[in-house]
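Make one complex out of these two single chains by using the hints.
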Amino acid sequence: EAEVAQSPRYKITEKSQAVAFWCDPISGHATLYWYRQILGQGPELLVQFQDESVVDDSQLPKDRFSAERLKGVDSTLKIQPAELGDSAMYLCASSLAQWGTSGGSSYNEQFFGPGTRLTVL
Amino acid sequence: ELKVEQNPLFLSMQEGKNYTIYCNYSTTSDRLYWYRQDPGKSLESLFVLLSNGAVKQEGRLMASLDTKARLSTLHITAAVHDLSATYFCAVWENRDDKIIFGKGTRLHILP
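Line by line, the protein sequences are chains B and U. The numbering of the first sequence is the numbering used here, which starts it at 115 and goes up by one. The numbering of the second sequence is the numbering used here, which starts it at 97 and goes up by one.
Just so you know, the hints here were simulated from the structure itself, not pulled from any lab data. A portion of the hints provided could be inaccurate.
[What the hints assert, rightly or not] Below, computed lysine to any residue pairings styled on SDA-like, alpha-carbon distance capped at 25 Å:
#1 U:LYS199 <-> B:PHE179
#2 U:LYS99 <-> B:ASP171
#3 U:LYS99 <-> B:MET203
#4 B:LYS125 <-> U:ASP134
#5 U:LYS199 <-> B:ARG150
#6 B:LYS192 <-> B:LEU235
#7 U:LYS137 <-> B:LEU235
#8 B:LYS129 <-> B:PRO175
#9 U:LYS199 <-> B:GLU223
#10 B:LYS192 <-> B:ALA132
#11 U:LYS137 <-> B:PHE225
#12 U:LYS99 <-> B:SER172
#13 U:LYS99 <-> B:GLN173
#14 U:LYS199 <-> B:TYR124
#15 U:LYS137 <-> B:THR190
#16 B:LYS185 <-> U:ASP193
#17 B:LYS185 <-> B:GLN155
#18 B:LYS176 <-> U:ASP134
#19 B:LYS129 <-> B:ALA202
#20 U:LYS99 <-> B:VAL187
#21 U:LYS99 <-> U:GLY112
#22 B:LYS176 <-> B:ARG150
#23 U:LYS199 <-> B:LEU153
#24 U:LYS137 <-> B:SER167
#25 U:LYS199 <-> B:SER172
#26 B:LYS176 <-> B:GLN155
#27 U:LYS199 <-> U:ASN103
#28 U:LYS99 <-> B:ALA132
#29 U:LYS137 <-> B:ARG231
Excised from the complex, chain U in its bound form (with noise of 0.2 Å):
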């Protein structure tokens, strides 16, 4: 069965700052999506990253693939407080077609 693991779980950060948000998965897949969630709101797609090396960019945000390491990063730059939210990585299980979420990644950013 799929596990799909973020770390960390909640981060503080000033802005200004970059930081990196990590997701790691147990098993192969095809492809991999992150997902934003502002409190009491539903989930916005951010990106989908279909192949190994895959890297996208939006703004200040970056996310990248390694499925050989089964390792999707998202890159946070200089970061502001409206990127505040919680940020979750959700992993494409092959066998049973559908989507597994991690936790999540509740950031907070201080002006």
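Isolated chain B (complex conformation) (with noise of 0.2 Å):
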């Protein structure tokens, strides 16, 4: 059964240091998000990529997170430097949906990683 990979599974990690987390959606899915949840809290949005681009990143810190995903495929989401707030289960998940239209039945339906949990120190 096809499925989300994400890695590293867990992170702890010192304030101030940089991370990074990778995302390799289901093969065929044109869209990737990135989600973190606090603990306690549902998911919210950093991120959404329609193949190589962003299309949504209005929630994302730029100033100290970045996302790519350079060949419309696998995605890596940077934090430099990592702060105290940052402690989260960051998830990613993927959908056939095409930004910008409606499909039908479960088109828009998101699949989820299993998360990487980032302590911050």
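Right, here's the structure in full:
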């Protein structure tokens, strides 16, 4: 069964250090999402890619966060420098959806990876 | 801006009982999703609801959607311990092509 892959699963770092997370979406999924989930809350969208292009990064703290999906397949999310408040679960999701269109049935359904739990000390 | 509210946020119940989780949202939407999350794990898709009056059932869980009332319910029938988890509803925001999550309902079923 196709799954979204993420690594690492856990990351502990000290504040001011740089961290990077990797995501490989389900094959053929054009849209890729990075979410941040703080303990006890729902996921919040950080950035959304359509193929290699960013279509929404309005909630991404761009002074320290960056994301890329150079070949339109896998993606990397980076934080530099990490701060204590960045401790959270970082979730990657993918879907078949083409941004700006409305498909039928479960077209826009998002499938989530296992996540990376980040702890900043 | 779309707001999604779930209630209750925490629910402790006995095995064998029935209960309902509510999800209200603030603006018109084409679709709504329910996800399950176990502690420390990722989100598992449960239901996708696409139209007014849609009802879907899987085992002891049944989800419904009333787009006129902007309300979805997740009903649990004869709860069992294995259903203990956090349940999220997520609503499609038509204008911005993204989904907005509720805060989740943490369900604890006592054996």
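Against the 25 Å threshold, does the CA-CA distance of LYS99 (chain U) and ALA132 (chain B) hold or violate the hint? With a Cα-Cα distance of about 33 Å, the restraint between LYS99 (chain U) and ALA132 (chain B) is violated, given a limit of 25 Å.
* Asked: Does the structure keep LYS137 (chain U) and ARG231 (chain B) at a Cα separation of 25 Å or less?
  -> Given that 25 Å is the threshold and the Cα spacing comes to 10 Å, the pair holds.
**Prompt:** Holds or violated: are the alpha carbons of LYS176 (chain B) and GLN155 (chain B) at most 25 Å from each other?
**Reply:** holds, 22 Å
- Message: For LYS99 (chain U) and MET203 (chain B), compute the direct alpha-carbon distance and say whether it is at most 25 Å.
- Response: holds, 22 Å
Pairwise hint evaluation, ARG150 (chain B) against LYS176 (chain B), where the allowed Cα distance is 25 Å at most:
holds, 14 Å
Does the alpha-carbon distance linking LYS129 (chain B) and PRO175 (chain B) stay inside the 25 Å limit?
holds, 16 Å
*Is LYS129 (chain B) close enough to ALA202 (chain B), meaning Cα to Cα at most 25 Å?*
Holds: LYS129 (chain B) and ALA202 (chain B) sit about 14 Å apart, inside 25 Å.
Query raised in the report: Between LYS125 (chain B) and ASP134 (chain U), is the straight-line Cα distance small enough, at 25 Å or below?
Result: Holds: LYS125 (chain B) and ASP134 (chain U) sit about 20 Å apart, inside 25 Å.
For the pair supplied as a hint, LYS176 (chain B) and ASP134 (chain U), confirm whether the alpha-carbon distance does not exceed 25 Å. Judged against 25 Å, a Cα distance of about 31 Å means the pair is violated.
Quiz item: Taking 25 Å as the top limit, are the C-alpha atoms of LYS137 (chain U) and THR190 (chain B) close enough?
Solution: Since the Cα atoms of LYS137 (chain U) and THR190 (chain B) sit roughly 20 Å apart, the hinted pair holds (cutoff 25 Å).
**Study point:** LYS185 (chain B) paired with GLN155 (chain B) [C-alpha distance capped at 25 Å]
**Key:** violated, 32 Å
**Asked** Between LYS199 (chain U) and ASN103 (chain U), is the straight-line Cα distance small enough, at 25 Å or below?
**Response** Satisfied, since the Cα-Cα distance of roughly 9 Å is no more than 25 Å.
In summary, the structure is inconsistent with hints 17, 18, 20, 21, 24 and 28 from the numbered list given earlier, while agreeing with the others.
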